[in-house]
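**Q** Here is how the chains run, residue by residue.
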Amino acid sequence: MSAAFLLAAVLAGEVDASGVGRALASHRGHPVVLTLWATWCEPCVKEFPSLMALARERKDVAFVSVSIDEPEDRKTLEAFVAARRPPFPVHARASGPDQAFIDGVDRDWSGVVPATIVYDREGRRVALLQGEHGRSDIEKALARAAR
Amino acid sequence: MRLSRLALVLGLAAAAQPAPGAVAIGQKLQPFKLGDTSGQTVDVGADQGRKAVVLMFIATQCPVSNAYNERMAALSREYASKGVAFIGINSNRQESVEEIAAHAASHGFSFPILKDVGNVQADHFGAQVTPEIYVYDSASVLRYHGRIDDDRTGANVKSQDLRRALDALLAGQPVPVAETKAFGCTIKRVAQ
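Those protein sequences? They're chains A and B, same order as listed.
Here our numbering is used: position 23 in the first sequence is 23, and no number is missing along the way.
The number in our numbering is simply the position in the second sequence, starting from 1, with 1000 added.
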């Protein structure tokens, strides 16, 4: 089995904005934490361990991770994910216009990374956290999602 | 062209106040003063006959902002002769004036960069990413907000949004696409 195959298997596949929507919808009935990030984004890399820890603790919550790394950085992304083995699927953004992706995921998202969007069980957004936010902000949003 | 002091005269009476935390297309620039990298205070919001003013929230440590260094430098030089002023604004808490000055020198920036201590202006404008651009016309009205172009790498640019906005303003035409978005780094704000 080639190294390339093993690396490629660590990602959950490419998604465009519609694909992100489908990934979210597949978890209907559970609160969802969607994280949008990039390997070149220092705050994103810094918060990744705490996201992983939160995901391990909150089995009642679905975590969906989408990297916006460029296709030419795919190997970097794969190596990053392979080294950390997160307990949630990590998708790579499919090629396409950035703005269409940004607006397709959430019209209120500015395009900044990191961005974390929390949805309730019915798929309604309860929080859009743009930029650096600590674990407590996500937990507060999850508490609102549970109401 | 090194500007030791930039003063832009106020235009018409101010329009409605912008919503908290963001400015909107069609609204007047609210004047402000910030220090540049040489320690001089720069007035932004008073007109000296500029055809347009381009405010750019930028960074020294953001890969996306840095991917645009050459393009920002080139655009500012090209449009200076057309009466357009470019002004950089750094709102990142961890990027010092010394670092900003060194970064500007190494990348050949001919535009001033203002240090937005406490991210006051970033909050006023509602700026979220670097780079993020705000273009004001000769009447200090916001006419374009968003990205420089649609390709971070510069290899496959299909839409030169900032250039298109400036060319429209200089031609006295409406800006065809007034707002755009792009991926970028978070502005490192001071802790709340």
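Derived by calculation from the structure, the hints in this document are not laboratory data.
Errors might be hidden in some of the hints.
[Said to hold, decoys possible] In silico lysine to aspartate or glutamate, DMTMM-like type, Cα no more than 20 Å apart, as pairs:
id : chain 1 : residue 1 : chain 2 : residue 2
1  : B       : K1158     : A       : D103
2  : B       : K1082     : B       : E1095
3  : A       : K46       : B       : E1095
4  : B       : K1158     : A       : D120
5  : B       : K1033     : B       : D1167
6  : B       : K1082     : A       : D98
7  : B       : K1115     : B       : E1095
8  : B       : K1158     : A       : E72
9  : A       : K46       : A       : E14
Since this is a predicted model, take the numbers as computed values, not measurements.
**Q** State for each hint whether it applies.
**A** Hint by hint, here is what the structure shows:
Using a Cα cut-off of 20 Å, the hinted pair K1158(B) and D103(A) holds, with the two alpha carbons roughly 18 Å apart. A threshold of 20 Å between alpha carbons decides the hint, and for K1082(B) with E1095(B) the separation of about 31 Å lies outside it, so the pair is violated. As the CA atoms of K46(A) and E1095(B) are separated by approximately 18 Å, the hinted pair is consistent with the 20 Å bound. Taking the CA atoms of K1158(B) and D120(A), the gap is near 38 Å; set against the 20 Å cutoff, the hint is violated.
Under the criterion of a C-alpha separation no larger than 20 Å, the hint pairing K1033(B) with D1167(B) is inconsistent with the structure, at around 27 Å. About 30 Å separates the Cα atoms of K1082(B) and D98(A), which puts this hinted pair outside 20 Å; it is violated. The straight-line distance between the Cα atoms of K1115(B) and E1095(B) is roughly 9 Å, inside the 20 Å bound, and the hint therefore holds. Restraint check for K1158(B) and E72(A): satisfied, since their Cα atoms lie roughly 18 Å apart, inside the 20 Å limit.
About 23 Å separates the Cα atoms of K46(A) and E14(A), which puts this hinted pair outside 20 Å; it is violated.
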